Amino acid sequence: MIVCVAVVGHQNNPLYIQSFTEADDALKLHHIVHCSLDVVDERVNNPRKSGPTLNETFLGLLYPTENYKVYGYLTNTKVKFIMVTTDLDVRDADVRSFFRRFHAAYVDAVSNPFHVPGKKITSKTFAESVSTIVKSFGFSSAI
Amino acid sequence: MGREVAESCVDSLLTEMVSTYCHRFYANKPELAARRIEAIGYQVGHQLSERYTMERPRFTDHLEAIKFICKDFWSELFKKQIDNLKTNHRGTFVLQDNRFRWLTRMSVDPQNESQDNSADGENKVAQATSMHLYFPCGIIRGALSNLGIPCAVSADISNLPACSFVVRIKA
Numbered sequence: 000m001i002v003c004v005a006v007v008g009h010q011n012n013p014l015y016i017q018s019f020t021e022a023d024d025a026l027k028l029h030h031i032v033h034c035s036l037d038v039v040d041e042r043v044n045n046p047r048k049s050g051p052t053l054n055e056t057f058l059g060l061l062y063p064t065e066n067y068k069v070y071g072y073l074t075n076t077k078v079k080f081i082m083v084t085t086d087l088d089v090r091d092a093d094v095r096s097f098f099r100r101f102h103a104a105y106v107d108a109v110s111n112p113f114h115v116p117g118k119k120i121t122s123k124t125f126a127e128s129v130s131t132i133v134k135s136f137g138f139s140s141a142i
Numbered sequence: 000m001g002r003e004v005a006e007s008c009v010d011s012l013l014t015e016m017v018s019t020y021c022h023r024f025y026a027n028k029p030e031l032a033a034r035r036i037e038a039i040g041y042q043v044g045h046q047l048s049e050r051y052t053m054e055r056p057r058f059t060d061h062l063e064a065i066k067f068i069c070k071d072f073w074s075e076l077f078k079k080q081i082d083n084l085k086t087n088h089r090g091t092f093v094l095q096d097n098r099f100r101w102l103t104r105m106s107v108d109p110q111n112e113s114q115d116n117s118a119d120g121e122n123k124v125a126q127a128t129s130m131h132l133y134f135p136c137g138i139i140r141g142a143l144s145n146l147g148i149p150c151a152v153s154a155d156i157s158n159l160p161a162c163s164f165v166v167r168i169k170a
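Residue numbers (numbering that gives the first Met the number 0), protein chains in the order written: chain Y, 0 to 142; chain E, 0 to 170.
Misleading hints may appear alongside valid ones.
As the list claims (entries may be wrong) - Stretch by stretch, here's where chain Y covers chain E in the computed footprint (C-beta under 8 Å, at least three residues):
1. 42-49
2. 52-64
3. 92-100
Said to hold, decoys possible - With a straight-line cut-off of 30 Å between C-alpha atoms, the simulated DSSO-like cross-links for lysine-lysine are:
4. E:K85 <-> E:K66
5. Y:K119 <-> Y:K77
6. E:K78 <-> E:K169
7. E:K66 <-> E:K169
8. Y:K27 <-> Y:K134
9. E:K85 <-> E:K169
10. E:K78 <-> E:K66
11. Y:K77 <-> E:K28
12. Y:K77 <-> Y:K123
13. E:K79 <-> Y:K77
14. E:K169 <-> E:K70
15. Y:K123 <-> Y:K134
16. E:K169 <-> Y:K119
17. E:K169 <-> Y:K118
18. Y:K27 <-> Y:K123
19. Y:K27 <-> Y:K77
20. Y:K134 <-> Y:K68
21. E:K28 <-> Y:K27
22. E:K70 <-> Y:K134
23. Y:K118 <-> Y:K27
24. E:K169 <-> Y:K77
25. E:K169 <-> E:K28
26. Y:K119 <-> Y:K68
27. E:K79 <-> Y:K118
Worth flagging that the hints you see were computed from the coordinates, not collected in a lab. As the structure is a computational prediction, the values presented were derived from the model and not from experiment. Where a beta carbon is used, it is the ideal one built from N, C-alpha and C, also for glycine.
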């Protein structure tokens, strides 16, 4: 199950952060997202010299903690997507397709002429589509 | 997804936008009108670059980003690529389009040309055409800025429908 997703701008400014847990642990999840930004920077500045994965938008598993796994994605425009999941057995392909759909939803949200670039995304449509994507991720990995 | 709009509508919108800004909103301040039109282009370019760079690896240097503008970005906008790209390898790029789509339907009014003889008439024509180029300039600048390349873009009309865009990257 995905417990938290976040969109972070190119100056590490939060654009959207949403947790999907019943418990009151939003702060803890925000902390995990915050820590992951350093890992993203590290990945980008010291890329592994391995042919095709070089400069790919999907950054893969950033780091595992005791209860969570944190995945990252960095767009061409230096916007970071972070996803925190409790699933321990996650297929890479699932995460990739999740980020692809998440990115598409983000692009639709920022293409709104009333959205101010660099400001938090307040669109309800975006929130709805993100939660749909998050829910469907849990579903497809359960099968 | 993939909603379409007739090209003639886009052409007409562009012409109407330029004429509204030049003759209604800022009739006596052409510089201000130009700046506003450029700003609209900037926002459009900013948003389009986000969409068109989905699903592609990140760019490693400026040249790669400029090549993306010349090839994929231009194809998405105008169904053709930039015809010629020149650079001095010090941050200046010249993108030449031999048949720029938004200028193909533009022509000089022959009556007008004969009345205002010589330099004055020509000057007016050049000014009117260049007003239509602030929008695409803004698009290029917006797209490159969003890719992390701050720059200044200006346009140059050699002979209609050909035109070239000069991109100067700010160090």
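Hint-by-hint comparison with the structure:
1. A count of 5 residues in the region 42-49 of chain E with a Cβ less than 8 Å from any Cβ of chain Y is obtained; the coverage claim is therefore met, three being the minimum.
2. With 8 residues having a Cβ less than 8 Å from any Cβ of chain Y, the region 52-64 of chain E passes the three-residue criterion, so the hint holds.
3. Here's how the region 92-100 of chain E fares: 0 of its residues keep a CB closer than 8 Å to some CB of chain Y, so the rule of at least three is not met and the hint is violated.
4. For the hint linking K85 (chain E) to K66 (chain E), the alpha-carbon distance of about 11 Å falls within 30 Å, and the restraint holds.
5. A threshold of 30 Å between alpha carbons decides the hint, and for K119 (chain Y) with K77 (chain Y) the separation of about 16 Å falls inside it, so the pair holds.
6. For the proposed pair K78 (chain E) and K169 (chain E), the alpha carbon gap of about 29 Å is at most 30 Å, so the pair holds.
7. Straight-line distance between C-alpha atoms of K66 (chain E) and K169 (chain E) comes to about 18 Å, which keeps the hinted pair within the 30 Å bound.
8. For the proposed pair K27 (chain Y) and K134 (chain Y), the alpha carbon gap of about 21 Å is at most 30 Å, so the pair holds.
9. A hinted pair counts as satisfied when its Cα atoms are at most 30 Å apart, and K85 (chain E) with K169 (chain E) qualifies at roughly 17 Å.
10. A hinted pair counts as satisfied when its Cα atoms are at most 30 Å apart, and K78 (chain E) with K66 (chain E) qualifies at roughly 16 Å.
11. Using a Cα cut-off of 30 Å, the hinted pair K77 (chain Y) and K28 (chain E) is violated, with the two alpha carbons roughly 37 Å apart.
12. At most 30 Å may separate the alpha-carbon atoms for a hinted pair to count; K77 (chain Y) and K123 (chain Y) meet this at roughly 24 Å.
13. Among the hinted pairs, K79 (chain E) with K77 (chain Y) is consistent with the structure: their alpha-carbon atoms are about 27 Å apart, no more than 30 Å.
14. The suggested pairing of K169 (chain E) with K70 (chain E) holds, with an alpha-carbon distance near 22 Å, which does not exceed 30 Å.
15. For a cut-off of 30 Å, the pair hint linking K123 (chain Y) to K134 (chain Y) stands: about 16 Å separates their Cα positions.
16. Taking the CA atoms of K169 (chain E) and K119 (chain Y), the gap is about 28 Å. The hint holds against a cut of 30 Å.
17. For the given pair, K169 (chain E) sits about 25 Å from K118 (chain Y) by alpha-carbon distance, which is consistent with the 30 Å threshold.
18. Only pairs whose Cα atoms come within 30 Å are accepted, and K27 (chain Y) paired with K123 (chain Y) is accepted, the gap being roughly 24 Å.
19. The hinted pair formed by K27 (chain Y) and K77 (chain Y) meets the criterion: a straight-line CA distance of about 25 Å does not exceed 30 Å.
20. This hinted pair checks out: K134 (chain Y) and K68 (chain Y) have alpha carbons roughly 17 Å apart, not beyond 30 Å.
21. Distance hint between K28 (chain E) and K27 (chain Y) is unfulfilled; the C-alpha atoms sit about 54 Å from each other, more than 30 Å.
22. A hinted pair counts as satisfied when its Cα atoms are at most 30 Å apart, and K70 (chain E) with K134 (chain Y) does not qualify at roughly 37 Å.
23. With a C-alpha separation of about 23 Å, the suggested pairing of K118 (chain Y) with K27 (chain Y) holds against the 30 Å cut-off.
24. For the hint linking K169 (chain E) to K77 (chain Y), the alpha-carbon distance of about 19 Å falls within 30 Å, and the restraint holds.
25. For the hint pairing K169 (chain E) with K28 (chain E), the CA-to-CA distance comes to about 27 Å; that is within 30 Å, so the pair holds.
26. Pair hint K119 (chain Y) plus K68 (chain Y) holds up; C-alpha atoms about 25 Å apart against a cutoff of 30 Å.
27. Taken as a hint, the K79 (chain E) and K118 (chain Y) pair is broken in the structure, with Cα atoms around 34 Å apart against an allowance of 30 Å.
In this structure, the earlier hints numbered 3, 11, 21, 22 and 27 are contradicted, and the remaining ones agree with it.
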